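Colleague: Please model the complete structure; the sequences and the hints are all you need to start from.
Residue numbers (my numbering), protein chains in the order written: chain B, -13 to 382; chain P, -13 to 382.
If you are wondering where the hints come from, they were derived from the structure by calculation, not from laboratory data. Heads up, some of the hints might be wrong.
Remember, identical chains collapse to one label, so a pair may be satisfied in a single copy or spanning two.
With a straight-line cut-off of 16 Å between C-alpha atoms, the simulated EDC-like cross-links for lysine to aspartate or glutamate are [said to hold, decoys possible]:
1) Lys(-9) / Asp108
2) Lys35 / Asp49
3) Lys154 / Asp108
4) Lys67 / Asp82
5) Lys10 / Asp139
6) Lys121 / Glu39
7) Lys67 / Asp283
8) Lys336 / Asp143
9) Lys121 / Glu19
10) Lys(-9) / Glu119
11) Lys321 / Glu311
12) Lys336 / Glu15
Keep in mind that this is a model prediction, so the values were computed, not measured.
Number of protein chains: 2
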Amino acid sequence: MLSEKMVEIGRKRSAIRELFEYGKARAAEIGAENVFDFSIGNPSVPAPKEVAETIAELLLSRDSLALHGYTSAQGDMGVRKSIADSLNRRYGADFDMDEIYMTCGAAAGLSICLNAVCVPGDEVLLLAPFFPEYKVFAEKAGAVVRAVPPLGDMSPDMEAMAELISEKTKAVIINSPNNPTGAIYSRGCLSAVAELLSARQREYGHAIYIISDEPYRELVYGERKPCFIPGLYGNTFICYSFSKSLSMPGERIGYIAVPRSMEDSRTAYAAVCGAGRALGYVCAPSLFQYVAAACCDLSPDLQAYIRNRELLCTGLRELGFEFVEPDGAFYLFLKSPEEDAEAFCMRARKHELLLVPSDSFGVGGYARVSYCVSAETITRSMSAFAALAGEYGLGG
Amino acid sequence: MLSEKMVEIGRKRSAIRELFEYGKARAAEIGAENVFDFSIGNPSVPAPKEVAETIAELLLSRDSLALHGYTSAQGDMGVRKSIADSLNRRYGADFDMDEIYMTCGAAAGLSICLNAVCVPGDEVLLLAPFFPEYKVFAEKAGAVVRAVPPLGDMSPDMEAMAELISEKTKAVIINSPNNPTGAIYSRGCLSAVAELLSARQREYGHAIYIISDEPYRELVYGERKPCFIPGLYGNTFICYSFSKSLSMPGERIGYIAVPRSMEDSRTAYAAVCGAGRALGYVCAPSLFQYVAAACCDLSPDLQAYIRNRELLCTGLRELGFEFVEPDGAFYLFLKSPEEDAEAFCMRARKHELLLVPSDSFGVGGYARVSYCVSAETITRSMSAFAALAGEYGLGG
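Modeller: Below you can see the structure in the form of structure tokens.
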């Protein structure tokens, strides 16, 4: 007599978590140094020192009741102002603090936005490959999920998208830099998406929202920078998290931005407040609201990720593997030398390489390699990758 | 094309929040010292010094990646063990860490439990007077809410409850010490509830859950102590928050306990995990998980609340007001001298006394007085209460 759906979601670990748990068990068996665990997207670069300094300073300077007390449901006013100012400075945006709503991380932000816009029977489009939890959040909000297949370069197939959008479509989730590919969608690609959605909004006479999941926005290594999507398409919610940029994923702090460019933006902001309230969020954790405000201009120390990306790309290329060129985040999307990605990942596992098969991300034939590990792990894993390549007769 | 329901919930502030905002505006107008704001349940006693000490020590002793990293979804293993041990020590319970699930406060806990057990069309019973957000959380989980009216002493009318329970009833929310009355339900009362629910479970052939919301469990001032409800009734979820006991409501940290005594308790625990995941909770804030574990045996400094309760009860009694004797929490439920509680509270407002009319708590004819304020505020408010009493010809 429990909710069968919730039991199922609680019992069935994600493929990522499953592999991560296997990795921990395997490490206990044969030693952590002998397991090459590329399963999970946990930052490997410590939080900037300013995080600890800010906490220490807040403990000294602020009254306990103010520091640990409830903030208003949408977040402390000063915090929202700092974040709006930082966005305006860095992205040439024009946010006001009343367009910012503080959340318990991006997952909460996504769940809140989906519940704010969806009613049962609505449809939500995901661009494959996509982070598997999107489906869980969207379905809990009462929506039916449709996956847009990718082209060969992992950008969305616009023709397929045009066919999948219908009068029932309420939102499209976009994630750039992308998990699992590390790719940044080009401006051209996003403009095409914006154009298609704009046309359909007019045709159907109702809004179709982009929900832009941007936890990796600051983890960018090459020439390409992520687009500021509200600049292309007004009806865009931004869901941000400080999990990756400040390396504090456990602290659950982020925000939703509801730009004025959105149709009925104050009503949309009210819907966000309503969904946050109804789901039990009350307010985002107060101490870390203040930490986020103080540290929101900081960039993470990207050198370690840049070095890892270089080591991994060079090594895998030399071994004859193919992959999507990663622009950001800390993921590399490796083409499986055989069609069945699960079989490939099982074979990799025999060499103690833990890779996530792409099937749960909504496409077949790839494996996600999370390179938020030590450089040494990557270097030492190369002989295992070489043996794996050998099994498929890659490289030469 | 947004969710109308979420827009409505986002726009319509709770009566409590509404009054609190009025109080802030009024304070700006005539000076904070001239407004007697008894509207909100925000702790007025600072967090125990051990909270700041623990944070400082964690910053020094723990690696940043471990301190701020994801914990497992159900909470850090060591944290759950500490909390289970503390419950066992203090309540003679027998919890194992696998029965504890860390949450972003009690509101998240309630929302998660309701979503874990309810499917659309189920009914949830609330015992009036009740905290108004219960209705918001239960309805969002797809349930229909039924309110059990109270007897004159504000304990539940068991006959009415027997009539309201039906085959659709999935859960009953119990809150003792109670918000808004401050009353603790007697063992006799809870035994009667347990007996009634047990009989109906047998009759209908399915579980009916008690969801026990216990944020005020440690804020108890008299002889009466709250019952350990799983000892009376197996199918009980406990939702706890450290908001009041450690005076850190903004930090959003608490837990759900799913006792082994529950039918299919592992399945129920899985449903809790599933609902937490589907609602976007990921994990409870990591640093404050460790703080809660280190401080979970601490009692708040109750002296200030005890003194406030004494001052308020004595003062109001002398003026001829009637009220429910408060056993705990920091609320006093004042009988309105006229039938219309809203009219009474408007009249009180003319004397700068901000009291919450009882209507949104599901009963008429009372006003909630939150005495988590300075003792000075209470002392100084007495002339305003005297003038108000005078208008009704109380006391003589």
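Colleague: Treating 16 Å as the Cα threshold, decide for Lys(-9) and Glu119: within, between, both or neither.
Modeller: Intra 15 Å, inter 24 Å, cutoff 16 Å: intra-copy only.
Colleague: Within a copy, between copies, both or neither: where do Lys121 and Glu19 come within 16 Å Cα-Cα?
Modeller: neither (35 Å within a copy, 52 Å between copies)
Colleague: Within a copy, between copies, both or neither: which one fits Lys67 and Asp283 at a CA-CA cutoff of 16 Å?
Modeller: within (13 Å within a copy, 38 Å between copies)
Colleague: Measure nothing new, just compare the shortest in-copy and cross-copy C-alpha distances for Lys336 and Glu15 to 16 Å and report within, between, both or neither.
Modeller: within (14 Å within a copy, 72 Å between copies)
Colleague: Checking an output row: Lys121 and Glu39, CA cutoff 16 Å. Within, between, both or neither?
Modeller: neither (38 Å within a copy, 41 Å between copies)
Colleague: If the cutoff is 16 Å on CA atoms, where do Lys(-9) and Asp108 land: within, between, both or neither? Let me know, please.
Modeller: between (19 Å within a copy, 15 Å between copies)
Colleague: Could you place Lys35 and Asp49 in one of the four classes (within, between, both, neither) given a Cα distance threshold of 16 Å?
Modeller: Close across copies (12 Å), not inside one copy (23 Å); limit 16 Å.
Colleague: How would you classify Lys154 and Asp108 at a CA-CA limit of 16 Å: within, between, both, or neither?
Modeller: Result: close within a single copy only, 5 Å intra versus 27 Å inter.
Colleague: Up to 16 Å between alpha-carbons, please classify Lys321 paired with Glu311: within, between, both or neither.
Modeller: Only inside one copy: Lys321 and Glu311 sit 11 Å apart there, 70 Å across copies, limit 16 Å.
Colleague: Classify it for me, Lys67 with Asp82: is the Cα-Cα distance of at most 16 Å met within a copy, between copies, both or neither?
Modeller: The answer is within: 7 Å in one copy meets 16 Å, while 44 Å across copies does not.
Colleague: Can you give me the call for Lys10 and Asp139, within, between, both or neither, at a CA distance of at most 16 Å?
Modeller: Cα proximity of Lys10 and Asp139: none, with 33 Å in one copy and 56 Å across.
Colleague: What label fits Lys336 with Asp143 when the C-alpha limit is 16 Å: within, between, both, or neither?
Modeller: Classified as neither; 35 Å inside a copy, 65 Å across copies.
Of the numbered hints listed earlier, those contradicted by the structure are 5, 6, 8 and 9.
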